[in-house]
Structures are given as C-alpha cells and as structure tokens.
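Each chain sits in its own coordinate frame; assemble them with the hints.
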Amino acid sequence: MIRIFSLLAGAFFALALLWSAGKGTYSLITEPPAKTVEATFHEHPKDLALPSDGAFGKFDRQQLQRGFQVYKEICSNCHSLKYVAFRDLKDLGYNEAEVKAIAGGFKVNDYNANTGEVKQRDGLAKDHFPPVVYAGTGTPPDLSLITKARHGGPAYVYSLLTGYAEQVGYKNEKGEELLKKFPDAKTPDGLFFNPYFANLNIAMPPPLASDGQVTYKDGTKATVDQMAQDVSAFLTWTAEPKLEKRKQTGWPVLGFLLFATVLAYLAYRSVWAEKKGH
Amino acid sequence: MSFPWANEYKPSHPAMRWLDEKLPLPRFVYNAIGAGYPVPRNLNYLWNFGVLAGFCLVIQIVTGVVLAMHYAANTDVAFTSTEHIMRDVNWGWMLRYMHANGASAFFVVVYAHIFRGFYFGSYKAPREMIWLIGVAIFLLMMATAFMGYVLPWGQMSYWGAQVITGLFSAIPIVGDPIHTWLLGGFAPDQAALNRFFSLHFLLPFVILGVVILHIWALHIPGSSNPTGVEVKSESDTVPFHPYYTAKDGFGLGVFLFFYFAVVFFAPNSLGHPDNYIPANPMQTPAHIVPEWYFWPFYAILRAFTQDFLFIPAKLMGVLAMFSSILVWFLLPWLDRSPVRSGTYRPVFKKFYLLLVLDVAVLGYCGGSPAEEPFVIISQIAALYYFLHFFVVLPLVSSFEKPLPLPFSITEAVLGADDAATLAPAE
Chain A
65 MIRIFSLLAG AFFALALLWS AGKGTYSLIT EPPAKTVEAT FHEHPKDLAL PSDGAFGKFD
125 RQQLQRGFQV YKEICSNCHS LKYVAFRDLK DLGYNEAEVK AIAGGFKVND YNANTGEVKQ
185 RDGLAKDHFP PVVYAGTGTP PDLSLITKAR HGGPAYVYSL LTGYAEQVGY KNEKGEELLK
245 KFPDAKTPDG LFFNPYFANL NIAMPPPLAS DGQVTYKDGT KATVDQMAQD VSAFLTWTAE
305 PKLEKRKQTG WPVLGFLLFA TVLAYLAYRS VWAEKKGH
Chain B
33 MSFPWANEYK PSHPAMRWLD EKLPLPRFVY NAIGAGYPVP RNLNYLWNFG VLAGFCLVIQ
93 IVTGVVLAMH YAANTDVAFT STEHIMRDVN WGWMLRYMHA NGASAFFVVV YAHIFRGFYF
153 GSYKAPREMI WLIGVAIFLL MMATAFMGYV LPWGQMSYWG AQVITGLFSA IPIVGDPIHT
213 WLLGGFAPDQ AALNRFFSLH FLLPFVILGV VILHIWALHI PGSSNPTGVE VKSESDTVPF
273 HPYYTAKDGF GLGVFLFFYF AVVFFAPNSL GHPDNYIPAN PMQTPAHIVP EWYFWPFYAI
333 LRAFTQDFLF IPAKLMGVLA MFSSILVWFL LPWLDRSPVR SGTYRPVFKK FYLLLVLDVA
393 VLGYCGGSPA EEPFVIISQI AALYYFLHFF VVLPLVSSFE KPLPLPFSIT EAVLGADDAA
453 TLAPAE
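Chains as they are written, first to last, in our numbering: chain A, 65 to 342; chain B, 33 to 458.
Just chain B, with the same shape it has in the complex (with noise of 0.2 Å):
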C-alpha cells in the first residue's frame, strides 16, 4: 500500500524496462526505500536509528560469517580458536572486536528504537503489527546475542550460559528435564558449544526474514512522525529517497564514527576480562555478570530474593524478567490514550522520562554484584518497571488532559496547512 501520490516507478532504460517486466525487483526496492516511498517530512533524528539497526544486522552478519571461518566449536579448542583468530588470521583481530562491539552497537541503536517508540506511541494503531514483529526481533536477538557470547567458552561465556540455562530448571516438575535436553546434557559442555554455535549462525539469517517482515508491515500503514498525527495530503510527505536516504546517510556517519572509535582505541571496555580466561568448571567467578546490554533484566531476575505465595523466590525471577519483555507485546491495548505522541501528554512524559531513568538504574543495579545496597535499589527500581507497564500505561489516559495537536504534519512543520482552512471545523 502507499499513498496516492506516491510517484511511480518508470525504468527509462531499456535494460530496466525488460527487468521490470520480468521480475519487478527493482520496483520492489523503488517502492519500499526509493523515491515510491513517501514518509512524514517532520522525522527527527530518532527515527534513524531503524536504518542503523539494520545496518548492524549486516555488520554482524558479515563479520560473523568470516569468523566462523576460522573458529572451531569444540571445548578443546574453541578458546584457542579464537585467540589465532585475534593472533594468525589477517586483520582477524579487527573482525572480532567489529564482531563483539557489533553485538553492543546493534544493543545501543534497538534500545534507542525502542524507547522512540515508548516515547512516541509507535505501537499505537494501525501500527501494532510492526511493533508485535520489533519485540519478536528483540527476543531473537536477545537469544542470539547470548549464544555468541558462549562461543569464545572463556569463563564468562561458561558460566553465563549455565547462569541462563539453569532459569528453565526453575520450571515446576519439567523444569529439570527441559534443562538437560537444551544443553544436551547436565552441564554446559560439546553438546551444547556446538548447538549454540549452529544456532548462532542461524538465528541472524532468521532476524533477517524477520525484519523484512517489519518493513514490510511498516509499509502498510507507513511511518509514524513525532506529532503522531497521520499523513493527510501530498504536503505532510516527502519521498524516502533522496530526502531520507541523505539524512540515513547522515546519521550512518555518525554511527560509524562512534563505533569505529570504539573497535580502535578501546575494543575491550565493554567487555568482563574474566572472559579472557578459558572457561573451567571446576572455578566459579567471583561475580557472574552477562553483557551491559542484559543488565537491567538480570536485575529484575535478581530483585526477587524471596519465595512468595508458595513460589519459589528462583521461579519469580524468571517468570518476572520475561514478563518484563513480554509485556511490550501488550502495549498497543495497555496504553488506551488516543493520542501517540508523548509530546502532546504531559502526564505520559514525565512517567515516560522516570521509566527511562529507571532502567538506567536497573542497569547499574544489574552489571553490579548481588550484594547491598544494589539489591534493594534493584528491587525499588524493578517496582517501578512493573509498576509502570502494568498499571500507570493503563490507567494514565482516563486521567491525561492531552495538549492540542496540530492539524496536519504540514502545519506543525511550517505554522501553516493551506489544506486546514478547507477542512470543516471540529
């Protein structure tokens, strides 16, 4: 679907002509990021960050598919691997920090994504395809992510994936024996190393399909825009290319930057040393902690320090870390508030900008070790996280007195819409 106006796609060579006749690929591209595309004029710098995910997403699939070159799943040797990629492969160092900082930069750019979306209502109608398919996106990565982080098997990725494995044990009666057919045994070992590496390479090849399902849902009812007032005449849009495509470009520099900066001159800050270490089941590290981008769920997992109403304290953890991603799947019917943007609801925002530092503070709570103070922080912060979702989102908009929206795109962008003046008073 588009929008009446969206221009054509007319191949003017003869060449093009004959492709488009046979298999219209190149209209299909034309449409979907071309000029055929017509998106809101007044996206801001946020909406970036959609075209820098994917960018990620080829960055690692790229990087990863030369590594498993080189690297060889077995326990033996697996550390060894990778340290002759970091040593004897050409500028494998280079792809391994691309590789392992890719994995952060991709973090970085989806919660931006993400949070765009708490902020202005993206899950909102029609849009709640696109947002259901983003969280599935964000739960294949999460897995993924995980898995790659077992591959080095440093002490980290062997205690880790015995730390996130063991939450399925927590399961009543079939927990136990679900545990051991994941890990393919009782304890992180060949069995499991080379299924997290097959699954490994497979998953982002599925995020990929994935996410051209979102674009492609995107497309039907096409952007949202910060004022989250839909699209009403030509005026309120601009086709994607050369309008976005030269801000995306933009932006992408930018990214690059920053990330660059990182694999160059501090490719390690990111990463726990322990990791350095080959994994050794006999030793277990002083502090188990996973990646940055995990902490805040690890420290909803760990708020919950006490069995309650006959569950056990473990299985509250898990049943609480996944109802915290889980439940953005409820979003669009949470939130009731007609209006998208968070610019225009005064309440929604400051609750929104507390949401934000609050998973700030979950974050710092997570990466920190299991002891006092951090464990009552964790547990006031995790309050407010459920506190938020479950019950402030739904109950906020009965409440809210929104501010008045523009009339159209047009108008917020340039004070004026010839097209208002038309239109029949409200």
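Chain A on its own, in the form it takes in the complex (with noise of 0.2 Å):
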C-alpha cells in the first residue's frame, strides 16, 4: 500500500519537473536569453597583496596609519566608520595623546537626556566616528564593514578605487569595445563608468584622481595605487580589528589539538590492541 502510495508521489513530483524543464529547454531554444552588459564587461578584482593575509598575517601599522590618513583626509567626507571607536585607533600604533588629538578633531552630538537638547561637542577617544551628512547622489555606504562586506574583500576596494575608466573606447580582456557592443549602455549623466562596479556605473566620483592628493607623514611616495592599497588595509583593519588576535589564538589551538589527537589516537590504538591485533 505504501509502496503504491509512493510511486504515484514519485510519478507526480517527476511529472510536475518534467513539465518545468520541458517549458524552461523550450523558451531557452525559442527565446536564447541575450548577455547583458554586466556579465560581459564586469570585472573581479585586481590581485592585492596586504601584509595581514594569510595564515602568519600582520597588520603593517605604518600601512594602517597612512590608510588612516586617506579615509580621514579624502573618504571621510561621505563616507561613516560608525562602528569604530576612536580608542580602537590604538591599534594602529597611536599613543593616548595622539588618539585624543584625533578625535578632538571630530565633532560628535551629545543628547542630554534631561533636556533633550543636543549639542555638538568635540569628540572623545570613547566616542565612535560620527555619522556623516551627505547631499549628493548615491548614498555612501558606511565604511566600517566594507571589506567584509563585498565579495573579493580589500581586493575590490582597491580595484574599485584605482578601476575608474574612460567608457568611450573601453574594451574588456578579449577586446570587445563596450558601447560598439551595448550602445545603449552609456553611461548616465552624473554616474561614473568602473567595471568593477556590479552594475558598472557608480555615483561615486574617482575619490583618488591624483598623486599626491594626500602628504604622508612618513615621507611614501602617495601615488594613486598606494593610497588605494593603504586605505584597502585600513579598512580591512577597520571590519576585522581583531584580525591579529585571531590567528595569533588559531596556531596554539591547533598545536594543541594535534598533540592530543595524537595522544588519542595512541591511546585509541593501546586500547583496541588485544582485539585488533595491531
């Protein structure tokens, strides 16, 4: 009876796929579904190589501080970093006074609960960054996460910032040109043209143009390429501060389970001797 039962509810799910594939097999022989235009020209990001990949990987603090500098000098404009603190800057090798002074420089708002009046106050090294007013098109998103965040991590950070492209003429890797193929496609007026944007017009203007935009305090040359690998760090600081901490933990954990695995495993083998015959 059972039997019966399940080969009738075999035969209606096979039927009701059949059905499905037959439909799906025939509308994409009649109707070939066209390549849009991301799927031709988007990009995956470029190969970027930070000091704190990989299994041994260190912050570079000196990377961490310039990387600093370029989100507060140029990012910070429009784009938050609401869940760090200022005290969190710390980690990248400032001392107490220093982080003060940073944060000094910001203005943070204070609710007085009593009042409900808030006021603006300069900021303490307990406060987090400020959110940001922002006017233009597009809606920046908070930086704080952004390495986690997208697919490709501080790799699609740095290529989005060093990916803007001259749309006109752009051919991608196997030199097909983008608006001989999609003339539609342009790109609309107030967007700008990087592949390595999902959709491949972004309202973000080119936020590095130039070399030199910022001056580094440490005397590195602040060309383009760096600013782009030392803001990808800093953010990769910024989404996972206990990124150190963490495979610091992983090596002894691991050690110490591979020592007693192999006193288990030893003592698995004493045990099952006499039955095993080992």
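Treat the hints with caution; some may be incorrect.
When the alpha-carbon atoms are kept at most 35 Å apart in a straight line, the in silico DSBU-like pairs for lysine-lysine are as follows [stated by the list, open to error]:
(1) A:K183 to A:K171
(2) A:K340 to B:K264
(3) A:K339 to B:K382
(4) A:K212 to B:K346
The set of hints was computed from the structure by calculation and includes no laboratory data.
Next comes the structure, spelled out in structure tokens:
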C-alpha cells in the first residue's frame, strides 16, 4: 500500500519537474536569454597582496596609519565609520595623546537625556566616528565593514578605487568594445564608469584622482595605487580589528589539538591492540 | 535493555554505593555510554559522527548562551550589538565565529550521520524509532539554524526570513493569514526578530531532549554495524568504554582540528558577504541565498518553475521541498530489502552513490543564481532525488540479488567464528 502511494508521489513530482524542465528548455531555445552588459564587462577584483593576508598575516602599522590618513582626508567627506571608536585607533600604533587629538578633531552629537537637547562637542576617545551628512547622488555606505561586506574584500575596494576608466573606447580583455556591443549602455550623467562595480556605473566620483592627493607623514610617495592599497589595508582593520589576535590564537589551539589528537590516537591503538591485533 | 553479557555497574567506593541506592545516575551513565553498553566490535569511523553531533550541540549551546548575554533582539540595535560582540566583548569575536561555524560543523557532521544511515540501512527494523526521532532532530535543527541566521539582522538575514516565511503564503486560502501570524506582521520586523530570538534560544534545548530520546531508542536494539548482521554472541561486542570512548576521543580530536582551523583562519568563508550589510527592507540583494546547508533543498524549491495541474509553481516547490525531507520518515517502510548494509547490496550501492552525487549537484545549484544552466540542472537533479526515494528504493529489492552475508560480526572481523560451527546449517 505504502509502495503504491510512494510510486504515485514519485510520478507526481517527476512529471511536474519534467513539465518545468521541458517548458524551460523550450523557452531557452526559442528565446535564448541575451547576455547583459554587466555579464560581459563586469571585472573580478584585481589581485591585491596585503601584509595581513595568510595564516601568519600581521597588520603593517605604518600602512594602517597611512590608510587612516587617506580615509580621514578623502573618504570621510562622504563615508562614515560608525562601528569604529576612536579608542580603537590605539591598535594602529597611536599613543593616548594622539588618539585624543584625533578624536578632538571630530565633532560629535551629545544628547542630553534631561533636556532633550542635542549639542555638538569635540570627540572623546570613547566616542565612535560620527555620522556623515551627505547631500549628493547615491548613498555612500558606511565603511566600517566594507571589506567583509563585498565579494573580494580588500581587493574589491582596491580595484574599485583604481578601476575608473573612460567608457568611450573601453574594451574588455577579449577585445570587445563596450559601446559598440551595447550602444544603449552609456553611463548616465552624474554616474561614473567603473568595470569593478556590479552594474558598471557608480555614483561615487573617482576619489583618488591624482598622485600626491595626501602628503604622507612617513615620506611614502602617495601614488594613487599606494593610497588605494593603504586605505584597503586600513579598511581591512576596521572590518576586523581582532584579525591579528584571531590568527595568533589559532596556532596554539591547532598545535594543542594536534598534540592531543596524536595522544588520543595512541590511546585508541593501545586500547584496541588486543581486539584488533595491531 | 541490554545484552545478557553486559557488564554490571558495581560501585566500589562507599559514596558511589550510597548514591547508587538513592539515585542511580552513575549506573544510568555507565549503562548508556560506559562499560555497561555492549557495542558491535566492527564499527568504522562513520560511526563517530553521532558523538560528534552531540558535541556540536554542546558547542552551540555553550557559545550561544554567552552570545545571548551580549546580543539585543531589537531591529534598531541587533546588527550593532553583533558588531559590539565582535569588537568590544572579551573574546566575543571567537564566540561568534565558533557559533556561526559551529552551525556549519553541526550540519557537516549530521549529513555524514544521515548518509551513513542511508548506506548501512540504519533505518530498518528494529531501529525505525531511532531513525524517526533522528529525522525530527534534523527538522528542528533546520528551524533553529534558520532563525539563528536571522538574528544578526543583516541583509541576508532579513531577506532570507522574507523568502522562507513567504513559503507559508503558498498554502491555498489560509496561507496569507498563517504567514502574517508567524511573522507578527506583514514583513519581518521587530515582532518577528524577537520571537525568532526566543525560539532560537528554546529549540536547542528541545533538540537536547529529543537527542536523549534518540539515544534511549538506540539502546533498546543496540547500535547497528557495517555488516548489518545483528549481534549474536558476546564475541561480537566490546564494551562502549574504553573501546569506543577511545575511538571517539580520537575522532573528536580530528574533528576539532578542522573546525578550529576554519574558526581561526577562514571564519567568513562559509558565510555570505551581504550579511555584513545591515538589513534594509527597501533594497533587495541581487541573489538571495540561504546558508550552504540548505542549498540542496533550496534548489528543489526553485526547480519547480511551472504551474502543474492547476497547482501554482510556488506551491509545487514548497510541497516538493517539504516532501524531500518528510520522505525520510517513510524510509523504513519504503526500502523492503531484508539486507541492511549497502555493502552487500550491489544494485542499491550504485543508486546510493548516484544519490550522493545528486545531492552535491543540487547543493551547487542551490547556491548559484536562479538562471540557466543551473535551473535545468537542478530540475534534472531534483528529478533523480524524487525517483530515488519514491521509486528506486521501493523497487530495487525486488530484483536485486544480495551478496552472501557473514555469519556473524565476529566472523566478519576475524575470518572465523567458533559459534558458527555450532549453529545449524541454514
């Protein structure tokens, strides 16, 4: 009885699937889906090697400080960093006085619960980076978690910052010219062409426009590529400030487990020796 | 119940004797997972996964209870409180990564456990009840994992909740009211998040209770084994302790090594980047995908793209997705072969390998965007999935000729069993 029921149920689902697959195949043949401009011209992130990569990776403090400088002088005009507190910046190698000075350079809203008044005051080390008021096109995302919130992570940020291109005459690696293949895909006014952005047209104007846009305190030459790498490194830190501690904790844990597992294996062999004749 | 030759608990210390008289808890443990439980001597490493699953449940409960001390189930601050755990709570990042990857580890282990059961016919008489309870545990795990994934209130949390609760609205007539009732609103919001948190805290303890029933039911017929031949004499078994405690200790070490390698060196590799974007009801992600452990079932859900016999495609998909798991409840009665173990079933074994491959393909399609060629592939793979359980399993035993079984477990292990010479020829 149950087998008859089960054969019927099997036939029911099988027929429904064949019906779906048949209709799907038919429409695939009669109206093959056209390749979209995004599918043809969207680029995967470029390769980016950071000191924090890999199982032994560590942050380069100098680079993080340079990246923070790029964020502060350029990105922070539009992008907030709300999950990061000024006190966290000690991780970058700043001392207490420097952290206080950095915090004091930002204005934060102070809410008085008794009067309901909101007053602006200078930032303190305990405060988080304040919200950023932005009035242009698009919505600049908060950058705290950006390298964890995009496929490709820091490499995506780096590629996006260095990936702006002139759309007229743009060709992909296969040599296909975008505007010849998709004449309707012209970047609308007010947007900027960037093949590393999901839909190719981004509202953010190229933020790193020329070399020397910031003057690094440590004397590093501020090329666009250097600034993009540094800020990607900095945003890797903002997304995961505990990255170093995580990797450093991992090794002793794995070492202990390896040791314990070898012991457990020997115990297992010895317990079973008589039954298995090891 | 136990075999007549099971060791009896004999406390030597007066304090233990005293306790044993008043509350025989040590005796209970001794008979359940100690030297008082005789287990087939030929279990292979696939039999480690039950203990590992239990250990995963403990990891999830311990890390989860501490995370709940720092998490706030409020749509305004859920995401922020998760970041607070990652940044400001002492070792919070480790707890959260252990918990998130612990869910994945739990499913890895449970899938190994389930597929071991498929192959070795662990669902067959007299172990049907163990199997039924096991499927119930799996369903509870799915519900718990789904609700847990909603808690950080990221984009995938929100839209995953939207899609999965939306499945209930496919039910004719009463679907929409049920959907609204489940969510406490028309879309996931404060009410939904709060009740998901409450249930996500409750269900692991329900799972724990049902796991105890699972183990209780196991101890009535005793463990199955790779030959599928029932235990016949004392030489077929060894006491659980120290034999299998030692083997499980080794298995646990191997498991923890891989688990912590992921936790410390690739903790986000199994998650979706979109869940690091706070939930935004106004912006749908490009591709809504659940966590990897739901991918095979998600592929089945999406494989039904056409209305069929006046049944809307969506309802068809929902029916199929639930049936694809509920059919496991019927396995003990669908598979009529008297031989348990796949090792001695040449035809079944081929279909089984095809099923493993098929579920892997379904998983791959479920994680891919809903576009060609993945839709067609998932339709073909889903077709085999249903044929396997509803058609192949009930029919295969009627024409399959099983290989000869060993006389006993002892004979399978040692090549000869003295008891065999005494047994009458069959």
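Hint by hint, here is what the structure shows:
1. A:K183 to A:K171: Roughly 10 Å separates the two Cα atoms, so the pair holds.
2. A:K340 to B:K264: 19 Å, holds
3. A:K339 to B:K382: 33 Å, holds
4. A:K212 to B:K346: 33 Å, holds
Checked against the numbered hints above, the structure breaks none of them.
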